[in-house]
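K.L.:
Order-wise, the sequence lines are chains G and V. Using the numbering used here, you'd call the opening residue of the first sequence number 1 and step up by one each time. Using the numbering used here, you'd call the opening residue of the second sequence number 1 and step up by one each time.
What the hints contain is simulated information worked out from the structure, not anything from laboratory work. Each residue gets a CB set at the ideal place from its N, CA and C atoms; glycine is no exception. Possibly wrong hints are sitting among the right ones.
FRET-style restraints, in silico, Cβ to Cβ [what the hints assert, rightly or not]: (1) Asp12/G with Gln946/V: 46 to 56 Å; (2) Ala477/V with Ser249/G: 27 to 37 Å; (3) His10/G with Pro223/V: 25 to 35 Å.
Think about it this way: if two alpha-carbon atoms lie no more than 30 Å apart in a straight line, the pair counts; the simulated BS3-like pairs of lysine-lysine are [as the list claims (entries may be wrong)]: (4) Lys33/G with Lys106/G; (5) Lys33/G with Lys843/V; (6) Lys770/V with Lys168/G.
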Amino acid sequence: MSERVWGPIHGDIVDLLADHPTDVPAVVDHLTKLQDMLVRLPPLLDSCPLADFNKLYLTITTSVLDGLYADRFVDPAFLSRLDVEFAARYFDALRLWTDSSPGTPKAWSCLFERMRGPDARPLPSAAAGVNAHINFDLPFALVTTFAHLESEPVDGSDQHRDYLEINKIFADKIPGLRRGYLERWQLLIDMLNGEIDDWYQGELIGYTRDVAWRNAQRVWRCRHDPLQHERERKRLDETAAALGRLLLSPLGAFLQ
Amino acid sequence: MASDVDSTPLVGRADLVATARAALLDDVAPGSTAAVFLTGESGVGKTRLLRELGQRLGDAGALVLTGSCLDIGDASPLHPLRQALRRLDVDLPPAAAASVRALLAMFAEDAAGPDGAGALLERVARGLSVIAGGRPVVLVLDDLQWVDRTTRQLLLYLLAGLGDLQLSVLAAVRSESLQGAHPLRRVLTELRRLRSVQVLDLAPLDRAAAEQLAAAVVGRPLPPEAVEQLCQRSGGNPFVVEELARDLRDGRDGLSDTLREVFLARVDALPQPAHRVVHAVAAGVEPVEHWLLAQVVALPEQDLLDAIRATVAHRLVVSSHDGYRLRHRLVAEVLEDELLPAERALLHRRYAEALTAAPGELHQARLAHHWRLAGEPQRALPAAVAAAQEAERLYGYAEAHRHWSVAVELAEGLPDAERATLLRHAAEAAHHCGEYARALALLEKLAAIDVDQTACELHIRRARYLAAAGRSALAEAEYQRALDAADCSPRQRATAAAHLAELLLQLGRYADAGQWAKEALSLAEQAEGATTEVVLASMALGFSEAYRQDPDAGLAVLRRALTTAERAGRPEDVALAYLHLAELLTGPLNRMEEGVVVARRGAERVAELGLGRSYETRLLAIATNGLFRVGQWAEAEKVVAAALRHRPSGTDAVELLLARCRLSVGYGDIEAADRDLDAVATMLAGGGARHVIPLLTLRAGLAMWQGRHDVARHAVQRGLTETRSDDLVIVAVLVWHGLRAEAEAKANRTSVDDNAVRRLRQIVDRVAEKSVRAAQPVRDVVDGYLALCAAEVSRLDVTDPDLWARAAAAWDHRNHPYPAAYSRLRQAEALLARRRRTATAGKLLRQAYQTTQGLGAVPLTDEIRTLAGRARVTLEETGPLGAREPAGVGGEELAALTAREREVLAAVAEGLTNREIGQRLYISERTIGVHVSHIFDKLQVRTRVQASAIFLRSRT
């Protein structure tokens, strides 16, 4: 009973998503193709809010791939798995959205909805995507990766260091996120005291990716318990969705 | 009523049924495996489809086994399989019925034997094959999102074809569960790439199908506005469509807007006794057997039956031959708020009491579950302990860990519980199932309460857990602390030192490793019976000496350790000593022939000692790889076949499959190679990242023979993103494959990826730079590949014969004929391209040809032939290089054979098996095998048919 949520590019998107990339070069390839499609999506075309995020994500993933070839990481097996798992969750969200599934993570749907317009500013759009991807997807991608490698998320491990190394890539590629953005984001949250979980208040001062790492450790501990795992998932989804909506609200424009 | 459940037609799934049936039965080649995974949200009709398909496959002659996974923590390992076996029809043939009983008894009682988890999988596979009696087996599993780890491993083992069973798996997975970090996500991503696996997503019904279903339920077509409303409310979910349509039929429309309200209304409408039934089923572990329900509800017989009928009629409970279940998870959610906590606890107590009183198989895990929720920790504790022990017996360490953890929690409030013992078990189980952080945390708790535990023992355990978690620096410090502890016994000191040496060896700190190994050896001398420590320390010393330029000293140490182990007589020590010795010889020492002999002798010896499955397989894997490298491929093929006869699992299986695949790639047997690659990929879907690179290397090699350079390029690129830069040898092999793929692409006039070439050359430089600092044995191997890389790079421009000559010399020096022959071919090609020294080129080609013919390396031989044809070089001519006399005609062909070999060949030509020949000539089957392989070598053939043909021709 699904409508063609992607309008004229629906068929292309469905075909692309039918494939599940299993390595980093394939992820880059996928994101590249997706980018070409998104800028053809009416009504916003070039200023599609998801394209703003996708473009940034493509840039970052390409840098990760270059880093892998350039021997930048201590444990490339870990990092490439993580990259693939991470991307898989973005593609999953797109797939669910394509099927008009009620299971689409709220963290993502608040951004997806904006593709129909009205126009959003590029930086808040990209930030909303980064928010959904890091605050919601990343902890689960980390847990799956560690489980597959028969390892664990331990502070100070090789994997943790590689994980933090990605922060440098983020910092390089998102000048807006690095300084002004984060400070202003914090300011926004202070202004909206009460809108967001108390939990977030303390955590966001650092860097969202550290939050994701700690959340991964939380999820790791309950990964064999379906009920608690589901609770964690909902909690993270709600929190990320709240932030996402905030970023896309008129206040989000303040970031730019 | 029960018929009402099934009377609804299956709507809108005809294509899916056909696809799944074909994938699971009709299109499966004999002896192969296949799998279909159905994913979809709850209520979309997965269970219904499983039933439908199961029936059809059964009607088509398959043996269908049906089980479901459980969502509560009390599931014991292999639960769905045990359930399926219990459900099997009683009218099986006697042998099959006996096998069902034997399997169930094995799960209930026996330990699976000394060889561990793998032996369990193997016995299940054998049992299933007896039960199937030649029919294809279909394993139908519902709610796979709750599958336990042991069952998951069994599935991958069987799907990889290791169980020698024609098996199809049909499983349903709830897609909501796959969100987040579910372990099946990764497994499905890996499996869906295989040709034999399909992941089918069950979409909601479209409008037409929803309308059709609703009309079937109501019994007449619906007006368009009703259809519209139904579609909107249900979102096309068939379960919801059906239930809403039913309300519509019964004139209850308008009351219930959501499914939740539908069920609430039905619960409200129930008569009082039926309320009790539905609550009791909700508190039980499904399916709830009738006798059990009767005891828990405690109603007079007729009242009970009426009450159950009411719950079924209101479509809240489903009845089947093995018990009762709630119709849907939503029912459980609706009921959840209806009971007082005290009422729920009472139900659990009734369950626990009924189960305790019942004769027969006691479900400890289930009992612990009910006692715990009944609020009776002192009664739950023994059951939890028993459940943990049962899980450990079936190698379900994850389940065992969960039960031990529950036991630890239960013991918190109990004064006389043996908390230390529970903690010790919990920590060990956590360690076994890879929960290292948890194991360490439990150990800390243990240290805090257990005063009897010695400091030394604690340090050793902590070090062991840390080392397993890959936290080497901390592990090293802990071993040091153990050695410094005042209460350390001589034996413990030897243990700590030996493990420390092993750890340092893995870290590449050979000097330190050697020092601690020596220390461990001298400590072990003073301790009684420390043979295990002697073997381990000798291994560390042997390898560290080999890496530090004193191979003979290292070898001597390990030989001595073998003697010690043989004298002490513990089978595992003997096996390990053989293993380490063979690894040393075929690894850093590159003394291949000797290594192969040791490995094969070791394999025979450990088989005598009863360790066939585990250690014999591993030793034979070493022998196979050694034989491959020295160019005795026919022999390697036989050895690997012998090893696979043990039906190994896990890492052992992966290594053997890779070894066999390497041979198939060399032979150019694409189908066999593909099959093994798929089997390895299936196994690796369950974990085991370090085998991914060899898999990708072989995939690249195979793709090149097929002229699919893009596939080869992709495999290499992926490998390069997953390889640690300190794995010099692995990187070197991969880079060579990458450059070769580009060079071949250029030779075939397809496009070369300049970006990839640039990257590969950078990596070559990096490897060369790093190898300077590596140990000599590593450097030797790496240099061989770097020589190949340099030559391939020249091929991308103007191929340089001198570089190829250098590569050939490097591999000749290492005595690896296959890469040497390849290099000679390229050298000849380079000379011919320059139209220089064509006589030398001819010689090189003949030499390479002889090698590849001897190996049976078909694709490489073909390339040599093609080049020789173009250059008008006669390959059969005798070369002046002292190469082996080529075979002539008639009786001369057999001139190279000994009298005994001729006797054996005559028998081979009669079509006798090795065993029959052995019986005729009064020698062992194994010796016949050796003779046959010599015959193959000398006649330069690969098969018995070819050998027989030469023999028969020689007599005419």
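K.L.:
Which numbered hints does this structure break?
P.N.:
2, 5
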